[in-house]
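Residue numbers (the numbering used here), protein chains in the order written: chain A, 1 to 407; chain B, 1 to 407.
Careful, some of the hints might be misleading.
Claimed, not checked - Subject to a maximum C-alpha distance of 20 Å in a straight line, what follows is the list of computed EDC-like cross-link-like pairs (lysine to aspartate or glutamate):
1. K13(A) with E115(B)
2. K331(B) with E394(B)
3. K21(A) with E93(B)
4. K347(B) with E394(B)
5. K13(B) with E115(A)
6. K82(B) with E201(B)
7. K194(B) with D152(B)
8. K387(B) with E296(B)
9. K295(A) with E318(A)
10. K295(B) with E378(B)
11. K21(B) with D161(A)
12. K387(B) with E115(B)
13. K331(B) with E310(B)
14. K21(B) with E115(A)
15. K194(B) with E93(B)
16. K21(A) with D66(B)
17. K295(B) with D218(B)
18. K82(B) with E93(B)
Said to hold, decoys possible - Rough simulated footprint, nothing fancy, chain A against chain B, three-plus residues with beta-carbon under 8 Å:
19. 37-50
20. 107-121
21. 207-217
22. 258-267
As the list claims (entries may be wrong) - Here are the in silico distance ranges between beta carbons for each label pair:
23. Q379(B) with D218(A): 52 to 60 Å
24. A344(A) with E8(B): 36 to 44 Å
25. A311(B) with L15(A): 37 to 45 Å
26. A289(B) with E93(A): 34 to 42 Å
27. G203(B) with G397(A): 43 to 51 Å
28. P20(A) with K85(B): 30 to 38 Å
29. R135(A) with Q128(B): 50 to 58 Å
30. S377(A) with E201(B): 34 to 42 Å
31. G138(B) with W22(A): 48 to 56 Å
32. G138(A) with A4(B): 28 to 36 Å
33. E162(B) with A4(A): 44 to 52 Å
No lab work stands behind these hints: they were computed from the structure. Please read all numbers here as calculations on a predicted model, not as lab measurements. All residues carry an ideal CB built from backbone N, CA and C; glycine is no exception.
2 protein chains.
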Amino acid sequence: MNDAFDFESRFAKGLPVTQPKWSGFAEYNFIGGHNDPESIPVEGLIEATARVLRRRGQTLATYNQDSGPLGDIEMRQFLAGKLAKFRGMSAGENEILVTSGSGQALELINQILCEPGDTVIMEEFTYQGAMNRLRARGVNVIGAKLDNGGLDIDALAVQLDELVKSGTLPKFVYTIPTVQNPTSSVLSVERRRKLLDITGERGIAIVEDECYADLLWDETWPSSMMAMVGSEHVIHVGSFSKYLAPALRLGYLVAPWSVLNQMIACKGGGTGALEQMVVADFMQNQYEAHVNGLKERLKAKRDVLIEALEANFGTAAEFGVPPGGIYLWIKLPPEVDTLQLADAALKQGVAFNPGPQWSVDPDAARSHLRICFANPSEQALRDGVAKLAQICFEETGIPPRSANVSR
Amino acid sequence: MNDAFDFESRFAKGLPVTQPKWSGFAEYNFIGGHNDPESIPVEGLIEATARVLRRRGQTLATYNQDSGPLGDIEMRQFLAGKLAKFRGMSAGENEILVTSGSGQALELINQILCEPGDTVIMEEFTYQGAMNRLRARGVNVIGAKLDNGGLDIDALAVQLDELVKSGTLPKFVYTIPTVQNPTSSVLSVERRRKLLDITGERGIAIVEDECYADLLWDETWPSSMMAMVGSEHVIHVGSFSKYLAPALRLGYLVAPWSVLNQMIACKGGGTGALEQMVVADFMQNQYEAHVNGLKERLKAKRDVLIEALEANFGTAAEFGVPPGGIYLWIKLPPEVDTLQLADAALKQGVAFNPGPQWSVDPDAARSHLRICFANPSEQALRDGVAKLAQICFEETGIPPRSANVSR
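Chain A with its partners taken away, still in its complex shape (with noise of 0.2 Å):
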């Protein structure tokens, strides 16, 4: 096959971006929210995938199986158990959407509540997946002030009732309460009935990002909001990626039905069937020892990275320790500069996602960076901080001393 055809002359205007092609991942991979390979658990897979085949491989034969477009009905009814058990929630199998990952939930989302020209309120750092779907829909995205709790509700509100006198009625305020991205808070109960509240009297709805809430290592975590009085406004959005496996491409989210019912009509064909099965039957069996186990190793996987950064970085890198979750928040001093940082280590092998990227406003983490602990071996988190810290020395001067011993 050749080029002859010039059907790039034939495209659409407008169409996003393209990517490099592929040539696999860096040697130090610390970016995205890959996942700990050895917490695949393969042996469980294989045996839910035997059972749930024999139990109802045949229904794979018709679209949407036995389910219809809300997707498989066993994993809704793994999901609203979850829910109920684990983030106190009372969902029905007919308030549960099943998506492509959490990427599509938020798509899906953004398509019937957003228009070009609308605001939406994120925390000032964020996802960047969920920022820059907003934008690319022309949607003007205003950020909220975090401090170590998580959103500052008080200068929330105030911000809110600025943007209501001015005019403008923010669509949503998207959050990521339990485990924030990037900074790995976690919003208190009193902050989360606030958050209700100054919302719900405004008229704004919430998106409720929960995509990292099974990974707190503390047990005594806060409900959902959509499980609190007065979460009439809160659509919750959880993720297999980040306690099965990103490449499963699994998501889902919950909503009243009238909400659910518009998606369905935006979402095309549906998600595949096979993922839906296994993992609910894998999941309805040992969620908890599964879950548990992944834990354990992630949060070794994290002390490793703290003493990485500790023995390489020394007091050049400031970051607080993360309750759970698989990522790291680090500030690096006001000289550097980490989309160039990014760019340098990459050339070496090291990996990692510059603060400006996950920054409502990019030069608010100019020198703040994102590692991303679970999918490194202990032994390359340690080799890849040790050989970052070299070549931000050598681009920048910084860290100045390593282990107590000056470069």
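Could you slot chain B onto chain A? The hints should help.
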């Protein structure tokens, strides 16, 4: 959860129309592209899952596994081999994009090539899903004449010249050359050659949808157009929905890298990896045995359907005998309005696709209907067709005689 918050008043404008809540399939389910439940290779899929997860299960921990955004590498390797062996093609792994069903493939083609007001040529009777997707984008769909051999190429050449003369260069010709949907014709090699030439000369792309090309009962089928010299303007589409299972949501398209790269940028999260891995492993080992078994069952069902139509509708039902595929396109006498008949039949548990929904000009297929014979049992085909004839008689007086006995 209740609906106290009025999400609907906040919906974006111009969203697609919603459907009534799904309430299960009709008793006699002759619609859509559902497949034969008995042919789902349950044990084969279980074995493939065990093999592939033990070999590569850990790759699920990364987005797009170890394969990049075009799709699972083993899936693309299987497809390259299969398309070479059975469709005569020479596509490399990097010219194949795995999609969530052929529906997503068509959506991506439309997205990168079409703007509102553009023109696309389709066969006068064609796949509803493809037509609806184009019209939802504001594309002007023009029908091209079909005869028993598929597209009438000479008539199409005249039609294209007239369009070009009037200032309209169609973006592409969408065709289903092998087991045309819904008429079941197979385009000859000679016509494929001519179609390539008349479109290539005029600078018009071809979208060749070969979703049914694996299901021809006669083994000497023509190669795909993309396999032929001078096919640089062809995009090839395929799917596992028809020769394995529609609920898996696995399709693919073949195109030059420049086209695929733009599609990747539009595709979003990607297609589930477990499905890709399992199906690639299964097909690599058992494609021919599986497809041959499926084809045998489908051919038997076709024969049962034809027998039932002849017994119950007599000469009132006109149809060709399909050489493959999963449906029959039936013409009833002009007194019968199949849209009305479909409503009446559905109330009594018989679901079929009325012709107008499968026709660029709805009026041209006012008395046609499409029956998919893959999903119902042979008994359900017999009983459902008898019931349909009875309902049709009650509604329209047709067929006047059944099994040579006046009603």
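Which of the listed hints are not met by the structure?
Failing hints, ascending: 6, 8, 9, 11, 12, 14, 15, 21, 24, 25, 27, 29, 30, 31 and 33.
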